Every structure is written in C-alpha cells, then in structure tokens.
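Student: The lines below spell out each chain.
Number of protein chains: 2
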Amino acid sequence: MPSHSDIERTARAALRRAGVPPAQAALQTELLLEAELRGTASHGLLRLPRVIERITNGVTDPLATGLHYWAGEALLRVDGAQGLGPVVAMQALDAAAERLPRMGSVTVAIRNCDHLGMLAFYAEKMAARGIVLLGFTVSEALVHPWGGRRAMIGTNPIAIGVPAEPQPFVVDLATSEVSMGKIHDHANRGVPIPPGWALDAAGEPTTDATAAKAGAIAPFGAAKGYALGLGFELLVSALCASALGRDVRGTLDSDQPCNKGDVFILFSPQDGMAQQIGAWLDVLRHSPPADPAQPVRIPGDRAQQTRARRAGAEIALPADIWTQIRRLSGDTEPAEKEADHAP
Amino acid sequence: MPSHSDIERTARAALRRAGVPPAQAALQTELLLEAELRGTASHGLLRLPRVIERITNGVTDPLATGLHYWAGEALLRVDGAQGLGPVVAMQALDAAAERLPRMGSVTVAIRNCDHLGMLAFYAEKMAARGIVLLGFTVSEALVHPWGGRRAMIGTNPIAIGVPAEPQPFVVDLATSEVSMGKIHDHANRGVPIPPGWALDAAGEPTTDATAAKAGAIAPFGAAKGYALGLGFELLVSALCASALGRDVRGTLDSDQPCNKGDVFILFSPQDGMAQQIGAWLDVLRHSPPADPAQPVRIPGDRAQQTRARRAGAEIALPADIWTQIRRLSGDTEPAEKEADHAP
Numbered sequence: 001m002p003s004h005s006d007i008e009r010t011a012r013a014a015l016r017r018a019g020v021p022p023a024q025a026a027l028q029t030e031l032l033l034e035a036e037l038r039g040t041a042s043h044g045l046l047r048l049p050r051v052i053e054r055i056t057n058g059v060t061d062p063l064a065t066g067l068h069y070w071a072g073e074a075l076l077r078v079d080g081a082q083g084l085g086p087v088v089a090m091q092a093l094d095a096a097a098e099r100l101p102r103m104g105s106v107t108v109a110i111r112n113c114d115h116l117g118m119l120a121f122y123a124e125k126m127a128a129r130g131i132v133l134l135g136f137t138v139s140e141a142l143v144h145p146w147g148g149r150r151a152m153i154g155t156n157p158i159a160i161g162v163p164a165e166p167q168p169f170v171v172d173l174a175t176s177e178v179s180m181g182k183i184h185d186h187a188n189r190g191v192p193i194p195p196g197w198a199l200d201a202a203g204e205p206t207t208d209a210t211a212a213k214a215g216a217i218a219p220f221g222a223a224k225g226y227a228l229g230l231g232f233e234l235l236v237s238a239l240c241a242s243a244l245g246r247d248v249r250g251t252l253d254s255d256q257p258c259n260k261g262d263v264f265i266l267f268s269p270q271d272g273m274a275q276q277i278g279a280w281l282d283v284l285r286h287s288p289p290a291d292p293a294q295p296v297r298i299p300g301d302r303a304q305q306t307r308a309r310r311a312g313a314e315i316a317l318p319a320d321i322w323t324q325i326r327r328l329s330g331d332t333e334p335a336e337k338e339a340d341h342a343p
Numbered sequence: 001m002p003s004h005s006d007i008e009r010t011a012r013a014a015l016r017r018a019g020v021p022p023a024q025a026a027l028q029t030e031l032l033l034e035a036e037l038r039g040t041a042s043h044g045l046l047r048l049p050r051v052i053e054r055i056t057n058g059v060t061d062p063l064a065t066g067l068h069y070w071a072g073e074a075l076l077r078v079d080g081a082q083g084l085g086p087v088v089a090m091q092a093l094d095a096a097a098e099r100l101p102r103m104g105s106v107t108v109a110i111r112n113c114d115h116l117g118m119l120a121f122y123a124e125k126m127a128a129r130g131i132v133l134l135g136f137t138v139s140e141a142l143v144h145p146w147g148g149r150r151a152m153i154g155t156n157p158i159a160i161g162v163p164a165e166p167q168p169f170v171v172d173l174a175t176s177e178v179s180m181g182k183i184h185d186h187a188n189r190g191v192p193i194p195p196g197w198a199l200d201a202a203g204e205p206t207t208d209a210t211a212a213k214a215g216a217i218a219p220f221g222a223a224k225g226y227a228l229g230l231g232f233e234l235l236v237s238a239l240c241a242s243a244l245g246r247d248v249r250g251t252l253d254s255d256q257p258c259n260k261g262d263v264f265i266l267f268s269p270q271d272g273m274a275q276q277i278g279a280w281l282d283v284l285r286h287s288p289p290a291d292p293a294q295p296v297r298i299p300g301d302r303a304q305q306t307r308a309r310r311a312g313a314e315i316a317l318p319a320d321i322w323t324q325i326r327r328l329s330g331d332t333e334p335a336e337k338e339a340d341h342a343p
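Here the protein sequences come in this chain order: A and B. Residues 1 to 343, numbered by the numbering used here, are exactly what the first sequence covers, in order. Residues 1 to 343, numbered by the numbering used here, are exactly what the second sequence covers, in order.
Hints were generated in silico from the structure; no laboratory data involved. No experiment lies behind these values; they were computed from the predicted model shown. Check each hint, because a few of them may be wrong.
Intra- or inter-copy, both count: the list cannot distinguish identical chains.
As the list claims (entries may be wrong) - Each computed SDA-like pair below joins lysine to any residue, with the alpha-carbon atoms no more than 20 Å apart:
(1) K213 x A290
(2) K182 x H4
(3) K213 x P288
(4) K182 x E30
(5) K213 x P192
(6) K182 x A241
(7) K213 x E30
With the hints as extra help, turn the sequences into a complete structure.
Tutor: Below, the structure written as structure tokens:
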C-alpha cells in the first residue's frame with residue numbers, strides 16, 4: 001500500500017502535470033486526502049482522475065482562483081471562472097475571514113467553479129480560526145421530490161462548523177437518503193440496495209442498484225428532508241444566480257462547465273462559547289444510550305476518530321485508483337510493480 | 001364561531017389589558033392569527049393565555065422591544081430584555097433589513113426574549129420585501145439524540161424564505177419527528193402514537209401518548225436529523241451565548257425567564273431570481289407524481305392554500321380557548337352565551 005506521503009507526492013505531481021500551480025495542487029490534494037483520512041472515500045482520491053480530465057478537456061481552468069466582487073460590505077460574490085473548487089472556495093473564504101472581525105458575519109456566494117469536495121474540510125479550516133460556518137452547495141438533480149418519481153433536486157449538502165474545545169463540532173451531510181456513490185458501489189458489487197433508498201428510471205421503488213443508477217435517490221427524512229434539500233437549493237440559487245434542478249452540470253461529468261452555486265456564511269461567535277459548547281457536547285456524549293454498548297455519538301466524532309487512527313498510517317487506496325493517479329503523474333513504472341501495492 | 005375580526009379584537013384587548021402597548025398587541029395577535037390561518041393551530045391562539053400569564057407572573061416584560069448592539073457592521077446582537085417574541089424579533093429584523101442594501105447580508109442574534117412563534121411568519125414578512133431569510137430558534141430539550149434515550153435537544157426549527165413569483169417559497173419545520181403538541185393532542189384524545197415517534201420516561205420506545213409526554217421525541221430523519229437539530233442549536237448558542245440543551249427555559253412554562261437564542265440571517269438575492277425560482281417551482285410542481293391523484297407538492301403550498309381558504313372566513317377556535325381569551329380581555333358575558341359560539 002502506498003504511504004500517505006507517496007499518495008500526496010503523486011497526486012500533486014499529477015495535478016502539476018495538468019497545469020495546476022504548486023500551491024493549488026497542494027490544496028486540491030489536501031482536500032482529497034482529508035476525505036480519505038476521515039473515511040469519506042467517496043470524496044477522496046477517486047475524484048482526482050475526473051478533476052484532471054476536466055482540465056484536459058478545457059472545462060476547468062487550472063489557473064483560475066475566482067473573481068471577487070463585494071456586492072455589499074458583507075456579501076462577497078465570486079465568479080469562479082471555472083477554477084478548481086477548493087482553490088476558488090478557499091480564496092473566497094480567506095477574503096471573507098479577513099473582513100469578518102469588522103463585519104461580525106460575512107456571506108460568500110460562488111458560482112461557476114468546480115466541485116468543492118467534502119464541505120467538512122472548509123468547516124474545519126474556519127473552526128480552527130474560531131469562525132462559525134454554515135456551508136451549502138448543490139449537485140446535479142439526483143433526488144426525487146417526496147411524492148414524486150423523477151430526479152429533480154440535488155443531493156444538496158449542508159455543513160455546520162462550530163468552534164468547540166477540545167475539537168470543533170463539524171457536521172457535513174447530504175439531504176439525500178444515500179449518496180449516488182453508495183448506489184454505484186452496490187451495483188459494482190452486485191448487491192441489492194435496501195428498500196426506500198431509490199426509484200428506478202420509471203419512478204418505481206427498486207432494490208436493484210443498477211436500476212437505481214438510472215433513477216432517483218430518495219430525500220432523507222421523507223417530506224421534511226425534501227423540504228430542506230429544496231430550500232437549500234433555492235437559497236443557493238437566489239444568492240448565486242446559479243443553475244437549478246435539472247439544469248445543473250459539471251460535478252459528475254468531465255466535459256461540461258460547472259454551473260452550480262455554493263454559499264458560505266461566516267460568523268464571529270460570542271466569547272467563551274467554545275468552552276461551553278465543548279462541555280455540553282461531553283454531557284450529551286455521556287447521556288444514557290439506547291444500547292449500553294453504543295455510547296451516544298456526536299456527529300463528526302466518528303470521522304475524527306478515523307482521522308486520528310489513519311494519520312501517519314498507510315491509506316488503503318484501491319489498486320486501480322492508485323494506478324490511475326500514478327499514470328496521471330507521469331510515473332511509468334510497470335503495472336506489475338503497482339499490483340504489489342494493492343491492498 | 002367567532003369571526004376573524006372578533007378574535008383579533010378580543011386577543012388585542014386581552015394583551016392590552018395585560019399592559020402590552022397597542023402596536024405590540026396587534027403584532028402578537030397577527031402572529032397567532034396567521035398560524036391559525038395557515039393551519040398551524042399549535043402555534044395559534046392557544047398560546048395566548050400563556051403569553052399573558054407570563055406577563056402577569058413578571059417573567060415577560062410587555063414593554064421591552066430589545067436592546068440593539070451592532071457587534072459588527074453586519075451582526076446585530078439583541079438582548080431581548082424578556083420582551084415578547086414577535087415584538088423583539090420584528091424590531092430586530094426591521095433594523096437588519098434597513099442595513100441590508102449596504103451590507104448584502106446581515107445576521108441577527110437574539111437572546112432573552114420570549115417564544116417567537118411560527119418562524120414562517122418572519123420568512124414571509126422578509127420575502128415580501130424581497131429578502132432571502134434563514135431563521136433558527138431553539139426550544140426546551142424535548143428530543144433524544146439518535147442512539148440515546150433522554151430528551152437532550154430542542155425541537156429546533158429552521159425557516160427558509162426565498163422570494164419567488166407569484167408567491168414566496170417558505171419552509172418552516174422542526175427537526176423533531178413530530179411536535180410535542182401533537183403528542184399532547186393524541187394523549188388528550190386517548191389515541192396511541194405511531195411507533196418511532198417517541199420514547200417513554202425510561203427511554204424505551206412507546207406508542208402510549210401519555211407515556212411519551214414524560215419522555216422524549218425522536219429527531220426527524222434518524223441520525224441526519226439529529227445532526228442537524230444539534231448543529232442548529234450549537235450555531236444559535238455560539239452566536240447568542242444563549243442556553244443549551246436541558247438548561248433552556250421559558251417557552252413551555254409560565255414562570256421562568258426565557259433564555260434561548262434565535263438567529264436570523266438576511267440576504268439580498270440576485271436580480272431576477274424570484275421569477276426564475278417561481279418558474280422552476282412550477283416545473284417541479286408538474287413533475288410526475290408517485291400517485292397520479294397527488295400532484296408533487298412544494299413545501300408551503302398547503303399552508304398557502306389553507307390560508308387562502310380561511311382568509312375572511314370564521315376560524316374554528318376550540319370553545320375553551322375562545323372562552324379563556326374573552327375572559328382575559330375582560331369580556332364578562334355569561335359562559336352560557338360563550339358555549340353557543342362553540343364549533
């Protein structure tokens with residue numbers, strides 16, 4: 001298995017070879033590696049080949065960092081100019097964070113930049129600077145309305161980051177019942193999906209993962225989850241003048257300019273709340289569990305534990321992805337050698 | 001049945017008699033009547049006796065409108081000074097809306113004011129002024145963590161308001177599976193509750209509504225709904241320095257100062273999005289339904305339809321609530337007469 005630093009070096013090299021400047025290649029790599037470390041492989045290095053393919057196809061600009069326009073003193077509108085998601089987003093968040101002490105709250109509305117990846121990444125970065133963050137982004141229409149049969153709404157994740165001692169509270173969840181990645185994973189393994197996850201292309205409930213790939217995922221939490229996912233998409237679109245519903249392109253394909261929006265809201269918390277919130281989370285963690293063997297979990301705890309366990313260790317990257325990334329980096333060692341690295 | 005204007009006049013008189021100035025009495029009454037009109041009786045006039053009892057008990061100040069402090073140019077912190085919820089909230093929203101054209105986004109963080117009532121009310125008010133709104137508030141701990149057995153978290157509603165043509169998109173939902181009001185309603189009628197709604201006082205699943213009253217409500221949408229409800233509560237607490245979890249008081253009782261927080265975020269949308277969003281909602285409304293007899297519903301549509309149907313009509317107020325409100329207003333007609341008004 002390749003080590004953390006093997007992967008880091010190789011991924012950066014692959015991005016640089018595609019024309020991404022060193023600092024931006026490092027940031028994009030950091031984001032994907034963080035997802036691996038936190039156990040969110042769906043947002044990890046398997047995404048790198050598409051990132052590079054989009055550059056090669058000319059729909060992503062490896063040099064763009066976003067054009068900033070302060071539409072109000074506390075509202076930064078960003079034209080991502082088809083730049084890499086984390087590059088445009090971090091540049092915007094840095095500008096917003098700089099203005100935050102004077103404003104108390106600042107909103108960032110981005111459009112026309114590529115997939116942001118795992119939103120928890122940004123929530124953690126901001127929490128480390130003592131900033132409370134709300135983050136929203138939009139995906140291609142993959143989710144059916146509650147009571148509908150067709151994919152009309154994005155998986156539309158929300159992230160909430162709140163500074164807390166000893167570690168920040170970070171939630172990052174999609175408003176779909178599951179990710180499309182998980183359905184693909186079931187299809188690849190030939191395993192059925194549980195009832196309630198998805199509809200087929202005709203809009204009928206299915207447990208056939210392959211049929212579900214051509215259909216629609218359920219919103220999480222029935223009518224309420226549908227209302228939230230739709231509400232978040234409208235909020236993003238209203239602030240960013242970005243694409244809605246079935247018009248969204250560019251986070252799942254390799255040949256369309258990305259036209260979705262992203263919204264971040266940064267807030268200055270009240271003094272001393274990081275301690276109080278940390279203490280309260282501990283009370284919650286030790287409240288009586290339903291199952292004595294399963295203590296009450298705080299959202300984000302599992303990702304933190306996975307991260308702590310994996311940091312410094314080898315990363316169990318699927319062999320084919322590692323092979324692809326090495327090829328993209330220009331590493332021409334024979335494939336036989338690579339197979340030895342497979343888990 | 002009393003007419004809309006009978007109720008309005010009587011409720012205002014009851015509030016004025018308790019020392020609430022005319023304009024504030026009108027606003028508090030408007031909020032409660034709006035809830036009745038939209039079919040949300042749980043947030044309607046049944047709340048009025050408690051509002052007045054809190055004033056009588058000295059825990060609500062009928063004259064307070066909130067002390068404003070701009071902690072940043074776009075962050076208004078409000079000490080509610082134990083004022084009435086809608087009075088403090090609308091005063092704060094007005095101040096924020098005034099600054100919005102210059103700021104582009106403004107956050108309001110309120111603490112120490114009474115129950116805000118139905119958040120949709122504020123979202124609609126702001127949408128009518130072309131403002132996008134996110135609203136959060138916190139309640140007493142009534143909800144158990146996913147995997148827990150004890151009520152530790154509020155029902156923590158979120159509201160999303162987005163201007164759209166011909167009518168705004170307004171979502172207002174609690175992060176609990178049901179409201180405690182609905183469980184009380186089942187208990188009063190001697191009807192069991194569905195499995196999955198609640199735990200009893202020992203933390204065991206129950207379908208006995210009376211047992212559930214002493215227990216805990218489930219979060220909506222399992223682990224994801226739990227994560228959101230908790231995340232919203234931490235966000236509010238971090239921005240307002242307000243009470244958390246089991247320390248929250250004053251929205252369900254009549255003798256404790258209210259110590260929860262409320263957060264509103266106001267945004268200026270991009271030009272032309274109200275038309276685009278309205279058109280998209282219509283596409284969604286006409287997308288294929290699961291059940292041909294049940295068109296796809298947009299969240300908020302049902303409340304709007306109920307409102308349109310009820311406006312100008314009589315309101316089916318339970319006789320005992322109408323009797324209470326009349327008594328509080330100083331109307332001393334005999335109870336026999338009142339009984340004639342009962343539905």
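Student: Let me make sure I understand: some of the numbered hints might not hold for this structure. Which ones are they, in numerical order?
Tutor: Structure breaks hints 2, 4, 6 and 7.
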